[in-house]
Amino acid sequence: YRKHRGVILTDKGRKIALEILRHHRLLELFLHEVLDYPWDEVDEEADRLEHVISEKFEDRIAKALGNPEYDPHGDPIPTKDLTIPSTTSIPLSSLRPGQDATIKRVKDDDSDLLKHLQQIGIIPETQIEILEFSEFDGNLHIKIEKSDQTEVLGPKITNQIFVEVHE
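Here my numbering is used: the first residue of the sequence shown is 866, the next is one more, and so on.
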């Protein structure tokens, strides 16, 4: 460790960190899918539980959920051998009018944002179309395909959402 330069994990430390991350993301999905927790509440609850579950319990959760690849927010779940699936998503803020995309991931550190996005129908796997971009304030006007509604999202929000662009 060097002051103000962060830390570098040892191989053992990296393994422990990935194991805890696997626990956390599996717990988030279990809470959401099985216990019907809203996606804006699962992070806090998973934080409480991630350090105390056994490997046996983790295996049972993974099996019960069908060995999922992603948590409710679209973050990849490390595999049993602790590899993280790669993603190709880009920030929604980088899209421009005429582009179509699929929401793949939403940062989960703001529960109020997650509630708002849920209310307007922006969750992983939602299809969207970019209608307009404002150079002045960076706002994106988007159409949400399944509901046909339009929304205006500012950069504070669009920087928290990651998408795959349709070619």
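It should be emphasised that the hints constitute simulated quantities derived from the structure, not laboratory data. Be careful, since some hints might not be right.
Lysine-lysine pairs mimicking DSSO-like chemistry, simulated, CA-CA at most 30 Å apart [as the list claims (entries may be wrong)]: (1) 972 - 945; (2) 1008 - 1021; (3) 877 - 980; (4) 972 - 921; (5) 1021 - 980; (6) 1011 - 980; (7) 1008 - 928; (8) 1021 - 1011.
Against the structure shown, which of the earlier numbered hints fail to hold, in ascending order?
Hints 3 and 7 contradicted; others consistent.
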